[in-house]
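Starting from the given sequences, assemble the full structure and let the hints guide the process.
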Amino acid sequence: MLGAAIPFYILSFLVLFFAYKTITSPNPIHCALHLAITMINLAFIFFGLNSPFIGGVQLVVYAGAVMVLFVMVLMLFDLKTEVRAFSRGLFSSFLKVASSGFLAGILIVGVLMSTDMLDVTSDSVGVGVKATSSTDIALLLFNQYVFAFEVLGLLLLLVAVGAVAVSRIPGGTHAND
Amino acid sequence: MPMTEAFLNVGLNHYLILSALLFTMGMIGVLMRKNVIVILMGIELMLNAVNLSFISFSSYSGNLNGQIMVFFVMTIAAAEAAVGLALAVAIYKRYKEINIRFFEQLRG
Amino acid sequence: MLLSLLIFLPLVYALIVMALPARFSRPVSLALSGLHFVFSLVLLARFDVTTADLQFVEQMDWVKSFGISYFVGIDGISLWLVMLTTFLTPLTILGSWTAITDKVKGFHVAMLALEATMIGTFLAMDAVLFYVFFEASLIPMYFMIGIWGGARRIYATVKFFIYTMFGSLFMLVALIALMFMTQEMLGGQMSASILDFYKLEIPFVAGQFLNSQTLLFFAFALAFAIKVPMFPFHTWLPDAHVEAPTPGSVILAGVMLKMGTYGFMRLGLPLFPEAVEYWSWLFMLLAVVGIIYGALVAMVQPDIKKLVAYSSVSHMGYVVLGLFAFNAYGLTGGLYQMLNHGISTGALFLMVGMIYERTHSREISQYGGLAKAAPWYTILFVIVTMSSIAVPMTNGFIGEFLILLGGFEANPIFGAMAVLGVVLGASYMLWMVKRVFFGGEGEIVTKYKSAGLDLNIREAVVMAPLIVLIFWMGIFPNHFLRGSKASLEHLEKNMRTYELGIHNPSQKDQSEKYSMAEERGE
Amino acid sequence: MGVDLFEITVNLVKMIFIFVMMVNAVPLLVWVERRGSAFIQNRYGPNRVGPLGLVQLLADAVKFIFKEEFVPGKGHRLVFYLAPVVALIPGALAFAAIPLSMPIELGEFSQIPLGLFTIDLGETYGPYRFAFQGYEIGIGIVFVLGVSSLAAYALLMAGWGSANKYSLYGALRASAQTISYELALGLSLVGILLLFNTFNFKEIVEIQSQALTFSFLGSQMTVPYLPNWGIIYQPVGAIIFFAAMFAETNRLPFDLPEAEAELVAGYHTEYGGIKMNMFYIGEYGHMLVASALMVTFYFGGYTLYPFFTPETVNQFWSETMGLTGNPVALLSSLSLHLVFMVKLVIFLWVFIHVRWTLPRFRYDQLMDLGWKTMLPWALANTILTAVVILIMRAAWS
Amino acid sequence: MNEQLLLGLLVVLPFLGFLFNGIRFTSKNYKLAGTVASTASGLCFLISLTLVAKLIGMPEGERVITSHFFDWFLAGDFSVSASFLLDPINAVMILVITGVGTLIHIFSIGYISHDERPSKYFAYLNLFLMNMLILVLGDNLLVMFVGWEGVGLCSYLLIGFWFSDPEKAAAGMKAFITNRIGDAGFLLGIFMLFLSFGTVTFSEIATRLPETAEMMWTGPITLACLFLFIGATGKSAQIPLYVWLPDAMAGPTPVSALIHAATMVTAGVYMIVRMSDVFVLAPLVMNVIAIIGALTALGAATIGMTQWDIKKILAYSTVSQLGYMFLAVGVGAFIPAMFHLMTHAFFKALMFLGSGSVIHAMADEQDVRKMGGLKKYMPITHFTFLLGWLAIIGAPPLAGFFSKDEILWYSFASPAGHWSLWVAGVIAAGCTAFYMTRLMCLTFWGESRVPKEVHPHESPVSMTFPLIVLGVLSVVGGWIGIPHVLGAIIPGHPPNVLEHWLEPVVRMLKPEHASAAVEFALMGISLSVAGISAYFAYDFYLVHKDRPTMVTKKLGGLYSLVSDKYRIDEFYFGRIINPLIDLSKGLWLYIDINFIDKMTYLASDMVKGSGQFLRSLQNGNLQQYALYISLGVVVTITYILMGS
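Chains as they are written, first to last, in numbering that gives the first Met the number 0: chain A, 0 to 176; chain B, 0 to 107; chain C, 0 to 521; chain D, 0 to 396; chain E, 0 to 643.
In short, the hints are calculated from the structure, not lab data. Incorrect hints may have been included.
Between beta-carbon pairs, the in silico distance windows are [unchecked claim]: (1) D/Ile-390 <-> B/Lys-92: 30 to 38 Å; (2) A/Glu-149 <-> D/Ile-345: 57 to 65 Å; (3) D/Arg-361 <-> A/Ala-4: 36 to 44 Å; (4) E/Tyr-589 <-> C/Phe-208: 55 to 63 Å; (5) C/Trp-375 <-> E/Tyr-589: 37 to 45 Å; (6) A/Glu-149 <-> D/Val-386: 53 to 61 Å; (7) E/Lys-607 <-> A/Arg-167: 48 to 56 Å; (8) D/Ile-390 <-> E/Asn-618: 32 to 40 Å; (9) A/Arg-167 <-> B/Ile-16: 42 to 50 Å.
Here are some of the chain A residues that sit facing chain E, going by a computed Cβ distance under 8 Å [what the hints assert, rightly or not]: (10) Ser-86; (11) Arg-87; (12) Ser-91; (13) Ser-98; (14) Ser-99; (15) Phe-101; (16) Leu-102; (17) Ile-105; (18) Ile-107; (19) Gly-109.
These numbers come from a predicted model, not from an experiment. Note that the Cβ used here is the ideal one computed from N, Cα and C, for glycine as well.
Here's what the structure looks like:
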């Protein structure tokens with residue numbers, strides 16, 4: 000009980016702390032690094048939730064690829080620490096924070112209220128630590144969700160082409176090609 | 000001691016509340032930050048929060064569909080990040096800054 | 000097949016023109032549209048004048064679940080409008096022979112497409128089909144004004160389009176409401192057939208505005224009133240006419256405005272008899288105001304085309320007056336005036352275009368003394384003017400007389416006021432004639448005199464049929480009136496219980512048809 | 000982590016041990032490299048300090064530690080300092096996930112016999128099963144790939160934190176290179192995954208510890224004198240994997256990030272002393288991981304059929320040597336570990352050998368190789384493997 | 000020959016002439032054009048004679064020839080046929096029209112010889128003839144209206160014949176538009192009649208008249224008659240619509256003679272006579288007609304006294320004489336009206352042609368102050384003009400004497416008459432005598448004031464021949480209508496042929512207690528008044544030439560008012576036409592452009608404005624969008640939670 004609780008609280012704290020740092024750090028690179036740490040911690044939370052495959056994918060895709068991309072781009076831009084990290088507008092800022100806070104409150108209240116409505120056992124059932132879990136995922140993915148999977152593949156292809164096209168504006172690095 | 004028990008007995012709710020908080024943080028980041036890339040990071044945070052809920056539901060209800068969903072979300076997040084960053088690069092090339100307000104110039 | 004061919008052959012022609020090189024556009028489209036006119040004469044010859052029923056009916060499902068069908072038919076009300084369309088189109092094409100030099104192919108394609116949609120509007124007996132054609136006709140006209148128009152053509156074409164579109168949308172809503180009503184009536188199956196609409200009994204409460212019949216009627220009436228155009232909705236017309244190229248003006252004034260009045264006759268009056276009866280005062284009032292207002296404003300226009308455009312407002316006011324008088328005279332006169340207006344105003348626009356082509360000016364003040372420089376032109380113009388101001392023995396007189404008679408019978412006050420329009424009509428037209436053709440030579444006449452301002456053979460050929468018709472329709476109106484007599488009487492007598500039957504004339508005795516021989520002789 | 004204090008202690012010690020092992024492998028490897036390069040280049044190499052120059056490394060370590068701490072003026076202090084630390088982590092984490100030998104299955108015991116005397120523990124422990132690795136993760140491959148992909152951060156942080164354009168260029172090149180080759184790397188592994196049907200290293204190794212067995216059109220074929228190694232099924236995959244691993248470790252011929260002729264020393268430029276040393280440790284750690292993975296995936300891991308398999312080794316210690324109980328498990332495991340180490344050293348030598356024999360790529364050649372050659376080949380390999388496996392297994396059912 | 004063909008030919012022949020000349024309208028061959036036109040007209044005259052002869056041959060009371068050509072148009076129960084009707088009333092008319100018309104055609108050959116477009120001129124003349132015949136021959140109001148408007152059109156074309164002069168073109172336009180006002184009234188009259196009787200055919204109206212008259216309140220009939228009379232005032236130049244006629248003198252003089260003196264302007268009188276059965280049912284309208292007629296006669300005569308333009312004088316004289324005719328119909332003296340119409344056609348056509356001859360001789364000079372002493376240059380013209388003068392001032396036994404005197408008598412004695420009407424008539428007769436004598440004095444008598452460069456000469460035979468014929472007619476024309484009182488004392492007791500001819504078809508209000516003595520007394524008074532004023536004129540303009548200026552000075556404002564034609568034109572322009580144009584401009588600028596268009600712009604601005612507002616929401620600020628989304632989510636979730 001405690002053995003499960005302590006890692007959770009530690010990881011939760013780390014996640015929330017670095018998430019907070021992510022959105023408040025004036026330097027975008029720091030933000031990115033903090034976010035990477037958040038991701039890694041989340042990956043470990045996933046491991047803890049008996050979803051090692053997803054955790055690993057989280058590491059590979061998010062922490063290893065997406066965030067590296069972020070960091071790379073940021074470093075390319077050579078951004079200084081921002082003087083004004085946040086958007087202008089007192090009223091809209093208030094609205095933004097208020098709505099976010101309200102949303103969080105509602106979500107938490109909703110979660111607490113709806114505890115009994117969910118058809119789950121109180122403890123983590125454990126879909127399986129075994130390697131079979133990834134096989135199960137694969138079976139689901141290639142049977143039930145195969146269409147979505149293919150569409151996603153197509154989307155990725157499009158995105159790859161699109162991203163290249165967007166960044167190849169005149170004056171870009173390949174302007175003379 | 001119902002209170003301590005509630006804290007010690009880590010269950011679905013704990014993950015969900017963590018997810019909600021994380022989501023809120025991401026949202027604040029999206030809403031408040033000026034830098035496009037940081038906003039993209041906020042979006043990633045939100046997506047991660049959602050992923051977390053999916054995973055915890057999946058884990059607590061013994062249903063793998065949640066993980067599949069997370070898998071898709073991640074793919075899409077990667078795609079979104081790629082396009083978003085490409086746009087950011089384009090904007091940066093033009094303005095030497097990546098304030099979100101420059102995206103207004105994208106309108107036709 | 001006859002009616003479908005009548006509607007869709009122009010589209011085939013348009014395709015042919017499109018396929019051929021641009022240098023063939025003019026002769027080919029002229030020949031084909033002329034052929035189409037001949038083809039429509041076949042329809043006229045086979046038309047049975049003795050019945051008010053729909054003839055040559057074709058019906059097939061289009062969107063079955065909503066009861067929308069491809070349903071076309073012809074009766075005495077639409078007969079002459081179709082003929083007018085097929086008649087005017089070749090003339091306009093010939094009339095624009097040298098006026099349109101840019102994008103010739105596109106122009107002729109637009110022209111032929113326009114013909115198709117206009118004929119479709121007059122023949123459609125399904126409300127949705129009617130609406131489709133009604134709206135589709137805007138598209139070629141939009142291009143015609145927008146591409147081949149004058150300096151402010153974009154403004155004009157947008158104004159024209161939005162105005163008409165705005166009204167039509169109300170009609171669409173009302174139309175859908177009616178379709179739902181048919182669902183109730185027919186027990187579940189929706190129908191968009193106008194014949195089914197006629198069978199509806201739409202609740203009406205006198206003295207109130209918010210009841211279904213009144214609201215639906217006003218929704219339809221708004222669409223048609225804008226199209227006509229009636230008094231407060233008329234301001235698109237002068238702009239559109241001034242900026243439109245000559246053929247556009249001719250078709251716009253000659254045929255498209257009639258879609259509005261035709262809509263009143265086909266849908267407005269028979270569908271909502273109580274509302275029409277109750278609110279006819281309003282429409283007569285607006286019509287009379289339009290007559291007088293249009294005439295007064297026409298009087299002070301500095302631009303010939305604008306003057307003619309405002310005169311259209313005035314003339315179409317007569318038509319509306321006649322329709323809402325809702326007696327045999329008014330209806331007959333209204334229908335006849337539609338044809339008259341098509342011919343005389345069409346001819347006026349053609350003639351204005353002819354002189355504009357030479358001098359590139361429509362300012363009245365720059366003209367003067369044209370009669371000496373262009374005598375034939377002047378003669379024809381004065382004849383057309385006489386037709387426009389309804390001098391007896393020209394077509395205009397018959398229409399205006401019947402309308403005024405009908406209007407006077409329905410409401411003496413409005414009738415008497417409308418008669419005032421006769422005087423004003425003469426005033427503005429003659430004043431314009433005086434300033435343009437008589438008096439000393441204007442600057443522009445002096446400038447272009449040596450180039451030859453008179454008509455050439457082609458233009459004379461364009462005008463000849465119009466002039467002949469002006470007198471034919473003025474002296475022997477019965478040749479034309481008998482085609483629609485049965486329908487109009489049916490409409491007038493059975494206003495409350497208006498229904499249309501269907502019958503196919505090919506089974507009828509040949510002698511009862513509208514034979515060409517009869518038309519020539521009698 | 001464990002159910003009781005003993006198990007927890009052992010596991011923790013194990014983790015630390017493996018880390019230390021990795022760290023301490025570095026001086027040795029450096030020595031090997033220097034001597035090896037000297038051998039290749041027909042010179043002596045380090046030979047003054049200690050026998051065969053072995054103590055040179057110790058001296059170097061002292062020098063590194065006592066060098067002046069230095070931060071570039073416009074550098075980002077935190078990032079600058081963090082970068083070398085981060086550089087250690089992926090290698091360590093990944094290496095710790097790789098099984099270095101078969102698990103040690105201990106029965107119940109209450110005392111520890113140490114030959115001459117015996118420590119009486121007073122109570123009974125066990126039974127335990129200690130994996131011969133830092134920690135055991137079910138989907139080891141994914142984890143290792145995920146963790147090693149984090150290596151890019153260290154490079155980026157170093158490059159950016161130095162506030163030096165050579166560093167930044169180096170870092171960007173490095174991370175771009177890492178990401179580019181990660182694709183080929185991952186794809187080349189798919190063949191193995193398809194073949195062995197698992198993410199688990201241990202299972203992979205266990206499958207490889209048998210004779211070459213495959214089914215062909217419904218009939219099971221066994222080649223008794225060949226091991227069931229991945230390299231036999233996946234030669235192309237192995238080559239691509241190995242090449243991609245070279246790129247991942249940023250070693251020659253893929254050491255563009257630190258191409259001294261162009262970029263001074265890449266992201267190392269501003270580093271010196273112990274921080275520089277930590278980068279070295281990270282790099283060699285990577286080498287270790289790469290070699291270990293190579294061994295695990297394609298060369299039977301800690302087994303060597305038909306000579307050293309868990310069965311044969313167990314048999315040797317229990318039957319030939321006459322031992323029973325826990326020592327058998329312990330000694331079997333250790334002997335298989337030796338097998339693993341031998342294989343590992345061979346691959347490490349390959350790394351070193353390649354470094355000193357091949358010239359460096361140009362950057363565009365590097366990218367072309369990654370995207371236009373290796374990726375298609377890896378893709379083709381994957382598809383071909385899938386098709387072949389489909390055909391083979393379809394006949395089964 | 001059958002009557003239908005003849006009646007048809009009456010219209011077709013001028014139409015053929017019109018076509019012939021109209022198609023070659025640019026030709027300058029005036030002889031060919033004139034010959035063709037005159038032949039057509041002459042043939043018409045012959046046909047008219049034949050037809051009238053046929054009519055005479057019929058038994059009295061059944062003298063009617065009808066001819067149905069085709070159904071013109073039908074709508075509902077409204078049907079009109081194109082058919083002609085010939086009865087004694089229009090028998091007189093067609094004789095006058097074709098007869099005088101032929102003479103004027105012939106006269107025109109000479110008159111128009113120097114013009115640019117003689118063919119066009121003759122084409123118009125023939126067209127006019129055709130329309131005039133349609134007008135008088137039509138057997139229903141609509142066919143009549145065809146001619147009614149048709150002659151108006153021809154009048155417009157002929158007045159504006161020299162269209163290069165803007166004033167002349169304007170005069171044509173004015174004539175047409177003024178006529179149009181009348182026509183509008185006429186149309187309303189037709190409507191009223193149709194709605195009252197259900198038909199527009201004269202014969203059917205007549206048959207339905209008694210029942211309708213008994214059954215109905217006469218309001219509609221009164222109104223109808225009033226409307227018809229408005230039509231007549233337009234066509235026949237009565238107050239208040241007479242203003243076009245003096246301006247109409249801008250046209251060629253033969254046209255003035257034919258259209259604006261002899262034929263067209265009398266159409267109103269003809270129409271009222273034709274509809275006399277209806278009109279007598281509306282005594283109120285009759286009174287109005289009489290008063291308007293008397294006023295017109297008087298007013299126009301006074302204006303005529305002050306004019307200097309020879310044609311204007313004649314024009315006002317025409318208006319004045321038309322006033323007489325309306326006075327006549329107003330008091331129910333339809334036959335005298337027709338009689339005067341006829342005699343007036345003769346002598347006024349004569350005088351117009353004479354003035355045309357003078358103008359032709361004077362090289363288009365029309366101002367009488369630059370004439371004088373023309374007697375010796377153009378004796379035939381002078382002589383015929385003299386006959387006309389005598390006829391118009393009512394010198395017995397010339398034509399004018401009989402007709403005018405009969406009108407005066409009826410205006411005094413008729414049941415609808417009144418002594419004041421008679422007084423007005425007598426004064427008008429005095430004025431007529433004055434200005435006509437003045438015209439003679441200034442033009443033909445006294446010393447010559449002709450400018451040196453002008454060489455007056457007698458006109459060619461083609462012009463003098465019609466003059467002579469008309470001169471003879473002016474003398475003898477009145478003898479067909481000698482009043483009974485005079486007939487009784489004249490040797491041979493000539494009967495009143497005209498009255499006898501018309502009586503079966505025209506219902507006249509007979510004087511209830513006719514007394515020959517009174518009639519003679521009145522005749523004497525009017526004669527002496529005319530004689531005295533003629534003498535005054537002679538005295539003023541030949542003997543004591545300073546007196547006119549003296550009198551003028553004494554009258555002062557009154558004189559200038561009269562010589563300015565009572566400033567009616569100015570009144571119309573200043574108070575009606577110009578305000579109307581200003582109003583129109585105002586409507587255009589303020590209603591059309593500034594109101595309706597502005598309203599539509601307003602609507603579009605509203606759409607635009609809401610678009611702007613929504614656009615400000617959609618300002619490209621992505622974070623704001625995100626805020627909207629989050630607010631939306633918050634609201635939605637709150638709503639759902641509240642709801643559950």
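Exercise for review: Could you check if A/Ile-105 really has its C-beta closer than 8 Å to a C-beta on chain E?
Suggested key: holds, 5 Å
Exercise for review: Hold the hint about A/Ser-98 up to the distance rule: shortest CB distance to chain E must be less than 8 Å.
Suggested key: holds, 5 Å
Point to revise | Satisfaction of the A/Ser-99 interface hint, Cβ to chain E closer than 8 Å | key: Constraint on A/Ser-99 satisfied, holds at 7 Å.
Review point. Is the gap between the beta carbons of A/Glu-149 and D/Val-386 within 53 to 61 Å?
Key: violated, 18 Å
Check your understanding: Per the hint of 37 to 45 Å, is the separation of the Cβ atoms of C/Trp-375 and E/Tyr-589 within bounds?
Key -> Cβ of C/Trp-375 to Cβ of E/Tyr-589: about 40 Å, so the range 37 to 45 Å holds.
Check your understanding: So the hint says 36 to 44 Å: do the beta-carbon atoms of D/Arg-361 and A/Ala-4 match that?
Key -> Distance hint for D/Arg-361, A/Ala-4 is violated at roughly 55 Å.
Point to revise | Cβ distance range 57 to 65 Å for A/Glu-149 and D/Ile-345, holds or violated | key: Distance hint for A/Glu-149, D/Ile-345 is violated at roughly 43 Å.
Check your understanding: Hey, does the A/Ile-107 contact hint survive, CB to chain E under 8 Å?
Key -> violated, 12 Å
**Study point:** Distance restraint evaluation - A/Arg-167, B/Ile-16, Cβ atoms, bounds 42 to 50 Å
**Key:** Given about 44 Å between the Cβ atoms, the range holds.
Review point. Would the stated hint for A/Arg-87 survive a check requiring a Cβ distance to chain E of less than 8 Å?
Key: violated, 10 Å
Check your understanding: Measuring from beta carbon to beta carbon, are E/Tyr-589 and C/Phe-208 in 55 to 63 Å?
Key -> Since E/Tyr-589 and C/Phe-208 have Cβ atoms about 29 Å apart, the given range 55 to 63 Å is violated.
Point to revise | E/Lys-607 versus A/Arg-167 beta-carbon gap, inside 48 to 56 Å or not | key: Violated, at about 38 Å.
The structure fails to meet hints 1, 2, 3, 4, 6, 7, 8, 11, 18 from the earlier list, while all remaining hints are met.
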